[in-house]
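Protein chains in written order, with numbering that gives the first Met the number 0: chain A, 0 to 467; chain B, 0 to 467; chain C, 0 to 467; chain D, 0 to 467.
Don't take each hint at face value.
As the list claims (entries may be wrong) - When the alpha-carbon atoms are kept at most 30 Å apart in a straight line, the in silico BS3-like pairs for lysine-lysine are as follows:
1) A:K356 <-> A:K190
2) A:K366 <-> D:K362
3) C:K222 <-> C:K142
4) B:K223 <-> B:K45
5) A:K45 <-> B:K386
6) A:K366 <-> A:K154
7) A:K362 <-> D:K367
8) D:K223 <-> C:K462
In short, the hints are calculated from the structure, not lab data.
Number of protein chains: 4
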Amino acid sequence: MKDNSTGKRKNEKLWGGRFADSSSPITEEISASIQFDSRMYRQDIKGSIAHAEMLNKMGILNDEELKKIVNGLDEIREEIEKGKFLFSRSLEDIHMNIESRLTEKIGETGKKLHTARSRNDQVALDMRLYLRDEISLIKELLKSLIVLLVKLAEKNIDAVMPGYTHLQVAQPVRFSHHMLAYAWKFIRDMKRLDHAAEACSLLPLGAGALAGVNYPADREFVKKRLDFREINLNSMDAVSDRDFILDFLYFASVLGMHLSRFCEEIVLWSSAEFGFISLAHNVTTGSSIMPQKRNPDIAELVRGKTGRLYGNLFSLLTVMKGLPMTYNRDLQEDKEPLFDSIDTVILSLEGMNEMLKGMKINKDRMKKAIYRNFSTATDIADYLAQKGVPFRDSHEIVGSIVRYCEEENVDFFNLKTETLKSFSLFFDNDIEDIIDPARSTERKISQGSTSTDSIKDQIFLIKSRLQI
Amino acid sequence: MKDNSTGKRKNEKLWGGRFADSSSPITEEISASIQFDSRMYRQDIKGSIAHAEMLNKMGILNDEELKKIVNGLDEIREEIEKGKFLFSRSLEDIHMNIESRLTEKIGETGKKLHTARSRNDQVALDMRLYLRDEISLIKELLKSLIVLLVKLAEKNIDAVMPGYTHLQVAQPVRFSHHMLAYAWKFIRDMKRLDHAAEACSLLPLGAGALAGVNYPADREFVKKRLDFREINLNSMDAVSDRDFILDFLYFASVLGMHLSRFCEEIVLWSSAEFGFISLAHNVTTGSSIMPQKRNPDIAELVRGKTGRLYGNLFSLLTVMKGLPMTYNRDLQEDKEPLFDSIDTVILSLEGMNEMLKGMKINKDRMKKAIYRNFSTATDIADYLAQKGVPFRDSHEIVGSIVRYCEEENVDFFNLKTETLKSFSLFFDNDIEDIIDPARSTERKISQGSTSTDSIKDQIFLIKSRLQI
Amino acid sequence: MKDNSTGKRKNEKLWGGRFADSSSPITEEISASIQFDSRMYRQDIKGSIAHAEMLNKMGILNDEELKKIVNGLDEIREEIEKGKFLFSRSLEDIHMNIESRLTEKIGETGKKLHTARSRNDQVALDMRLYLRDEISLIKELLKSLIVLLVKLAEKNIDAVMPGYTHLQVAQPVRFSHHMLAYAWKFIRDMKRLDHAAEACSLLPLGAGALAGVNYPADREFVKKRLDFREINLNSMDAVSDRDFILDFLYFASVLGMHLSRFCEEIVLWSSAEFGFISLAHNVTTGSSIMPQKRNPDIAELVRGKTGRLYGNLFSLLTVMKGLPMTYNRDLQEDKEPLFDSIDTVILSLEGMNEMLKGMKINKDRMKKAIYRNFSTATDIADYLAQKGVPFRDSHEIVGSIVRYCEEENVDFFNLKTETLKSFSLFFDNDIEDIIDPARSTERKISQGSTSTDSIKDQIFLIKSRLQI
Amino acid sequence: MKDNSTGKRKNEKLWGGRFADSSSPITEEISASIQFDSRMYRQDIKGSIAHAEMLNKMGILNDEELKKIVNGLDEIREEIEKGKFLFSRSLEDIHMNIESRLTEKIGETGKKLHTARSRNDQVALDMRLYLRDEISLIKELLKSLIVLLVKLAEKNIDAVMPGYTHLQVAQPVRFSHHMLAYAWKFIRDMKRLDHAAEACSLLPLGAGALAGVNYPADREFVKKRLDFREINLNSMDAVSDRDFILDFLYFASVLGMHLSRFCEEIVLWSSAEFGFISLAHNVTTGSSIMPQKRNPDIAELVRGKTGRLYGNLFSLLTVMKGLPMTYNRDLQEDKEPLFDSIDTVILSLEGMNEMLKGMKINKDRMKKAIYRNFSTATDIADYLAQKGVPFRDSHEIVGSIVRYCEEENVDFFNLKTETLKSFSLFFDNDIEDIIDPARSTERKISQGSTSTDSIKDQIFLIKSRLQI
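Sequences are here, hints too, so could you generate the full structure?
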């Protein structure tokens, strides 16, 4: 919103007939939403045009009146986009600002637009239209992120790194597998986003204030005109329902959680101690006092922004708790959390994309790291199991070998077969191959494993699923 | 869990080979999950049997070994169900308790069961199986609640009551419409529940600890055997993913929110001031000090339980925030919130069903209430609009009439046409019909409105959708 | 912030020495905080002046240099307040914007200001100074609200209304007692606010980036100069600590919870069904479609704003979870939740004050309501108990009388003594006095009860405690 | 609770007089709290004895009756502690279970105990007594943790490690300083715990159901007898207030947040990549499949348990939101979150203490790590600043040196003075001393810095403050 004037263009509220006094300044301040809901102007106008067309179809507006309204609204959209529209806080919200300006422009006809409509179903419509538009954009960004991960996986399929559980080196994995693990998480997020989009697609307009309207409103027409999938068939539900916003805020929270995990790893891998990756200069920032610092700020900020995504979800859940039917003014508190989560998701995804684009993989450091912490111990236990030792016993035997190495300060990867034989007679010379971490990933032959073949399968599948 | 013995049946942990000391008591106390995860014993056994069958198919277990394992597991299930199983906290969790008991029963063969499997993919499997079973039960309960609402709507289709916005009488609505508004909300909740069920249906078994396993595990076989829809094709994702639990906790939170709104209204309507309903004696409780009290406890408790449903969602979101890959022990904290939300949802739905069954509708009190607060003011504005007065002007005129009535302390519903004409010449004798609240609902002729026809349509639609 | 220019005034970041590339636009967008932290300009300047004076005391700045810095900073404050300051997003935050402008104005000397200081301790200082200032304002508003409640209590001490438990009429209480119940809650909130203020008063400046500084900074001087109570004596704690913000967000959440309870009652009491109060025209708003509506919007909005207060607390708790030492960029996410909670608390308190000022008490409706639901049943049980019937038995007897009245549809308050005697021989003629709700409150003779005397005591105590 | 019988000992509820039907099973199940509130039996009995003594003082109970009640209650406590008490779910809660058993034991006199008391003020009392007792225990555990940190600091004062910001090596710090940073955080937590304890100390007993009681209850006597600091002087506030529980849940959340940060570092430091510490065998656990694993489970579990601490706080905040006065059954939902947070805090603190006791510091790995990432860059900038270069310029110069080292792949710590001079003529031979990380900490001479002296000061101060 370029301009926020508190000077009233019109002294009267549009609902003022039965009021003796005008609102006190504090009432206006606490009630006004124009400072944040003005961002829905495009959707409000789109919805009003569809409504006007429907009124025309019903004979409430004649063709000329319709034309005046549509032209008027088109002009208003232009005024807003050119920064020439004077928003008035006294008119409370985007709906009243636009309607009032329309009447100012086209006279009496403008006053007919609100026939068979209430702000209750109007705002429910606008929010759905708005969110639906933003979801499209977010879906593209999320897709870009997945594409980037697939590219990283394809390009670095040779890179082997430690896989961790409990942040302890567990087994060698391919870096590509690690990247694709996130890709799959984000694919699930896309599904949740689709659910949120679907939840938006339930038409509330026509519900009136809460009980329906005294006109045979052609809701099917409006549905098709605005490209909705279904009509909300209960007017009380229609004006009291905010599930679709919650569905988005939940999507955003889980996405934020996934991003926070990824960013935690970016931060870890950027540390001197891990050193697995280097971030580009243009996505890191320095310190005001420490001249050497290059900090992974984007990763930290995206991780931190999880807080507001969770906070926004809980904010609206709290608002809704225990509210009786149907519309209550508390519901105005649905907007800022939604807008903030939309902005945060967009910014975070853009930041991730930028950061990953310039990320450099330090394959040598990764490879060195797999020689730590006996990363092929499980392979050895499996080796014995495949020779007939019950798995629990082979696990025990390898555990003893590890303890022996620690106590004797011996290098596990260089143990002689003779030494191994003193732990189990099933050890033979072929164990040398098994013990080498560099060959471990390809022995993982189950479907979905970290082997090169499995990774190629995953890449193929993700590409076909996303049509990329 | 009938029995919780801390006495160890077997002194050694199943992972103890490389450890010099045994766990300290506090480590055992903080690590143990057997006191709450024992409830998944059926799913753990089911999963182990499917895994054993797969090992047999791969030639790792011969037919006799498989038979021993399956019989052993069947016996253990029976022991648990008969309260004869001695759970040991020292064995940490349900997986180790069962595996250890199996080996005790059938000897060496039992030690082979854990081949090609880790607790990481095992617990991820068990949780999915468990949640899936509970979701089926919850779906039935939710359906029962909707059925009850539909019945209430059908039976009381003649009851008219005030519809509220801002808890101010707004327009007359049918009680049935109000009930169906909740039915539609719960139908959306069923969809969210379906999403959660679908999220459960992604097979993690075969992921091993994190990297896949050194065996050509036949995951397709296990998938079919356990009736999963898809295989998780990335082993790192498989052991780190808890999205499916979050999806359920989110479903439960939104359901809880809807229930809290309904219960808020039950509490309001049970008050002496509203007096719209009476709850049965057997669902209300008294006071220890005030002999006259009959309190709507179930409604209050269900409303209050929203707190724990939100809390559980936020609890797990917090746990997951910023966790690096793959499995971290923090994830053990996924169970108690899940179990508590399952129990809470079941108890709340059972409570709602019980409470609604015996609820008595006081139609007279409802009807009297629609004569308050000028409930047909909108009808009158529409009347003028239909006579050609622009809606904004007709709204203003009716507002003035309302103010006049308040100032003169005159009854709106008995205003003479003459008086009305002094506000607008468009008023005619037919206004008397419009002004009567008892006839208002049938004038709401838009699709989804509160008219009898619309209600019948809704009932028909809900019945076909739920096949009831 | 009146002006937000993205045009760079100075092309180089103040930390740019070791960087090959400049930041990418998305890095700037996600990193910048100037759009919200500019509101701390006064505190940033105040802190810088104190720091400069300390540097002068240590001999790092000579008197002339100090003078130039102080004058420069004073001018910058003026520039900002007059809307002439050109904020640059490229300079990231308020600290860098001001420092950069200072050097622009006074040359080389400006570059010395950041000696012995890091942004890490600087921002921790600014936040404390800022919050401390806002807390003072909030305390005054909270005090005004309590004063208003005391006045309402004093003025309406004769008004008797139903006291509710479970929203069922329980026992008659005085309206004043009800108002004072909230006053006491808000007095506890003031204590929590004091704790938050105290938490602010722990000086971080001097901690440097995290390890202290290579100068014998005179922190005692700065402490006195800026009126802090204590010095944070561990530099790592100083730059990683955000407890003081959490303490405020928690205060705000509990206050919001209390306000939401009060507002819930305002909404209830404004309903046609309760009708206990009328709100002034200037604090209610109308409907775009229903001409008769006058809605208690402020009460609803304040109740709804609890959502964002809770959300902000959980937002920051989430951000902090699992962050390693010391400063991480995630901490930048501490500001917006804090600023939003400050604004929300101020707006809510102003709204409450405005709303309560014009609230009209409908004593007749209140009085009528105490004759509902056997509100003196407990008095009768006590009557019997005082005549020697064990309380449990007297409770049982009165319960039977209530059931009798319901079944016979008899008015409890008009029961003849004869009828009562058929339930217990202990009833005598003096029971008539006991059964009358109008006299019930004065029989509550325990300390802290709803009797007139107790209310007068409370008023006296609150007045002395708050010195009003 | 050893025994949970649903078989009724007494068929009638103690409030059943006015009820036609008995409760349905689902009502009992959803209403009962005995399965979790039985843990307050000691406090319930203590409160009842004090109440009985007060009734005796008022002449309502004679000396013999008092004696019978006190003896009866003492016996019941013993029965419970010996596992001989038969809890009944039909009697709902601990209060009714004990009262009913008392009457069973001592006859009619037992029925007098509930005179001048309601469950509303009784449960508010019990919760306060219970929480107060647990707070004492928690305070001791928290103190032990601080003592342990001080000991670690004292013992390892020679250990130097990298201090991190953004998880990038920033400046060398002493390990002791790092430990004490947490000690100071926990000292602030103790203050928050004191606030929670103080909030408990507001006597609700005497409030009755909500309005006070018809007896001149001597609340001062009860206050002294139960060692409370203040009397709640508004009966409606007394039964509706749960601030004291929120204060504790908030304390627990912030403590959990601090612990999660500490545990995050324990996990990091235990990794092969950092390698700063080794945890004892008895506080780590292994893997079911990977024989080499030794995982920092306690640290992960304590970090994860932050989730439930946050969840519990949010749970109760949600419950309280928008509840009208006074007692509503929703408030029963205050108990489980409180009990769970108490248990979690105790378990977490015990776990931390156990884990830290056996923690081994790897000073060599720590020392090696300070030679990474130019950790003395700030010292060099300060060196130049002290020679007269404005700090901003010296920061820029050192930044260039760092970039030079990276581009030339030169070791910063071995740069020749000649090379340095090519960046600034102010460099002299004394720079060699400055550049060495091992000497950096002692150059931090500001109060609260990481120098040995500052650490000794901190230790002295903490010891005197905690009297240890």
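For a quick check of understanding: which of the numbered hints are violated here, in increasing order?
The structure breaks none of the hints.
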